[in-house]
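Residue numbers (the numbering used here), protein chains in the order written: chain A, 1 to 238; chain B, 1 to 114.
No wet-lab data here; the hints were simulated from the structure. Do not take every clue at face value.
From chain B, some residues computed to sit far from chain A (all C-beta separations above 12 Å) [said to hold, decoys possible]:
id, residue
1, S33
2, Q53
3, D57
4, K62
5, R63
6, E85
7, E86
8, E113
Below are the DSS-like pairs computed for lysine-lysine, each with C-alpha atoms no more than 27 Å apart in a straight line [unchecked claim]:
id, chain 1, residue 1, chain 2, residue 2
9, A, K120, A, K50
10, B, K38, A, K120
11, B, K58, A, K203
12, A, K57, B, K50
13, A, K38, B, K102
14, A, K86, B, K38
15, A, K86, B, K102
16, A, K140, B, K102
17, A, K189, B, K50
18, A, K57, A, K103
19, A, K86, B, K58
20, A, K225, A, K140
21, A, K103, B, K88
22, A, K123, A, K57
23, B, K58, A, K189
Idealized CB from N, CA, C, for every residue including glycine.
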Amino acid sequence: MKKPIILLVLIATLLTGCSTMMSVIPKSEAYKGMYAEKPLSILLMPPINKSTAVDAKEYFHSTLNVPLANAGYYVIPTFLSMEILKRESAYDAELFLDAPLNKFGEVFGADVALFTIIHKWDKTYGMVYVDAEYIIKSVKTNEILYARRGQINYNTTVQSNVSGGGIAGALISVAVSVAATAANTAATKYVDVARIANAYTFKDLPVGAYGLYNPEEPNEMAGLKEFVVTLNSQYRTY
Amino acid sequence: MKKVIILTVSVLLLTACSTQQALYSWGNYENASYNYLKNGDELSTQELIKTYQAIIDKQKGKRGAVPPGIYADYGFILLQANRTEEGKAMLLKEITLYPESKVFIERILKMTEK
Numbered sequence: 001m002k003k004p005i006i007l008l009v010l011i012a013t014l015l016t017g018c019s020t021m022m023s024v025i026p027k028s029e030a031y032k033g034m035y036a037e038k039p040l041s042i043l044l045m046p047p048i049n050k051s052t053a054v055d056a057k058e059y060f061h062s063t064l065n066v067p068l069a070n071a072g073y074y075v076i077p078t079f080l081s082m083e084i085l086k087r088e089s090a091y092d093a094e095l096f097l098d099a100p101l102n103k104f105g106e107v108f109g110a111d112v113a114l115f116t117i118i119h120k121w122d123k124t125y126g127m128v129y130v131d132a133e134y135i136i137k138s139v140k141t142n143e144i145l146y147a148r149r150g151q152i153n154y155n156t157t158v159q160s161n162v163s164g165g166g167i168a169g170a171l172i173s174v175a176v177s178v179a180a181t182a183a184n185t186a187a188t189k190y191v192d193v194a195r196i197a198n199a200y201t202f203k204d205l206p207v208g209a210y211g212l213y214n215p216e217e218p219n220e221m222a223g224l225k226e227f228v229v230t231l232n233s234q235y236r237t238y
Numbered sequence: 001m002k003k004v005i006i007l008t009v010s011v012l013l014l015t016a017c018s019t020q021q022a023l024y025s026w027g028n029y030e031n032a033s034y035n036y037l038k039n040g041d042e043l044s045t046q047e048l049i050k051t052y053q054a055i056i057d058k059q060k061g062k063r064g065a066v067p068p069g070i071y072a073d074y075g076f077i078l079l080q081a082n083r084t085e086e087g088k089a090m091l092l093k094e095i096t097l098y099p100e101s102k103v104f105i106e107r108i109l110k111m112t113e114k
């Protein structure tokens, strides 16, 4: 009698481990503009840091292009574009949140701009509480094509190569130990927080031109526009 | 026997969500990138250069191509280090691989002429 229950619990645990909370709105509707405009090039606007953590801006800035490129987009070179934005006194992205963006199309060849607003980055022992908003705007129409805001509660005590007991734990440990190589210094730990927050958020981003085309994708459900999630370093998108 | 089934099911479920190969491999990119952004000193610059070289030479992603922006940012770092010719060559590689970068990269190349 007991075994089927254990099996069910195990399956349920494993499934929740890799599934995302989905809305009931298909991507074709939630991200209509993305499908209509089919943007190729994304310009990363320097993250807007409204949190009390001074380093949060850099944590995000250094981890945003990977999930976007992996989703199939051309991400305009980060350091090069940052340098030009600084020279043109356009480094404060907040100035452009509600301003026309066509200039960014002309200078950078961007189709869309990604704004990131870090509303909160609070550390307590073993946890980082992040509130981050991501907005992709068309530089042609200024329309918002994609927007999500997440409360990401990140448990920093869970190490990526050691996991918590049981068969599931042992299996997860085997699965992730290959990927876990980074030294666990404070900085890499917090880079990880931003990296995983970004990866989690952009998991439902429609695939870009270099990605694998999936005709069914527009019918898949979009993620929740506003979400709350608890994550740790064991989260993997790939 | 039951244990074997449980194990098999678990492994299948885990593989279902963990073995998809990413479009590109990035090595230590995010950490190197953060250190450079934060410190911008000789050590972090060298680390970033090494990371770029590894991404280019040991690319293991599904596309088998160097990711967007890598040649260009590598070129930019080389230009900063006064390795002008190498830097320009990298910028040109970005245009070849990603023609959509042409507008922006040509602007940068013009700036280096001045």
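Results for each hint:
1. With a minimum CB-CB distance of about 4 Å to chain A, S33 (chain B) fails to clear the 12 Å threshold, and the non-interface call is violated.
2. The claim that Q53 (chain B) is not at the interface with chain A holds, since no C-beta of that chain comes within 12 Å of its own (minimum 16 Å).
3. A cut-off of 12 Å between C-beta atoms confirms that D57 (chain B) is not in contact with chain A; the least separation is 18 Å.
4. The non-interface label for K62 (chain B) is inconsistent with chain A: the shortest C-beta to C-beta separation is roughly 8 Å, within 12 Å.
5. Interface exclusion of R63 (chain B) from chain A breaks down, the closest Cβ pair being 7 Å apart, not more than 12 Å.
6. For E85 (chain B), the non-interface assignment is confirmed: its Cβ lies about 17 Å from the closest Cβ of chain A, beyond the 12 Å cut-off.
7. Taking the minimum C-beta to C-beta distance to chain A, about 15 Å, the non-interface status of E86 (chain B) holds against the 12 Å cut.
8. Taking the minimum C-beta to C-beta distance to chain A, about 16 Å, the non-interface status of E113 (chain B) holds against the 12 Å cut.
9. As the CA atoms of K120 (chain A) and K50 (chain A) are separated by approximately 7 Å, the hinted pair is consistent with the 27 Å bound.
10. For the proposed pair K38 (chain B) and K120 (chain A), the alpha carbon gap of about 20 Å is at most 27 Å, so the pair holds.
11. A C-alpha spacing of about 25 Å is found between K58 (chain B) and K203 (chain A), which places the hinted pair at or below 27 Å, so the restraint holds.
12. Of the supplied pair hints, the one linking K57 (chain A) and K50 (chain B) holds, its CA atoms being roughly 24 Å apart against a limit of 27 Å.
13. Taking the CA atoms of K38 (chain A) and K102 (chain B), the gap is about 19 Å. The hint holds against a cut of 27 Å.
14. For the proposed pair K86 (chain A) and K38 (chain B), the alpha carbon gap of about 16 Å is at most 27 Å, so the pair holds.
15. Among the hinted pairs, K86 (chain A) with K102 (chain B) is consistent with the structure: their alpha-carbon atoms are about 21 Å apart, no more than 27 Å.
16. A C-alpha spacing of about 19 Å is found between K140 (chain A) and K102 (chain B), which places the hinted pair at or below 27 Å, so the restraint holds.
17. Under the criterion of a C-alpha separation no larger than 27 Å, the hint pairing K189 (chain A) with K50 (chain B) is consistent with the structure, at around 21 Å.
18. Among the hinted pairs, K57 (chain A) with K103 (chain A) is consistent with the structure: their alpha-carbon atoms are about 24 Å apart, no more than 27 Å.
19. At most 27 Å may separate the alpha-carbon atoms for a hinted pair to count; K86 (chain A) and K58 (chain B) exceed this at roughly 32 Å.
20. For the proposed pair K225 (chain A) and K140 (chain A), the alpha carbon gap of about 23 Å is at most 27 Å, so the pair holds.
21. This hinted pair checks out: K103 (chain A) and K88 (chain B) have alpha carbons roughly 25 Å apart, not beyond 27 Å.
22. Note on K123 (chain A) and K57 (chain A): the hinted pairing holds, with a Cα-Cα distance of about 15 Å set against a maximum of 27 Å.
23. With a C-alpha separation of about 25 Å, the suggested pair K58 (chain B) and K189 (chain A) falls inside the 27 Å cut-off, and the hint holds.
In this structure, the hints that do not hold are numbers 1, 4, 5 and 19, in rising order.
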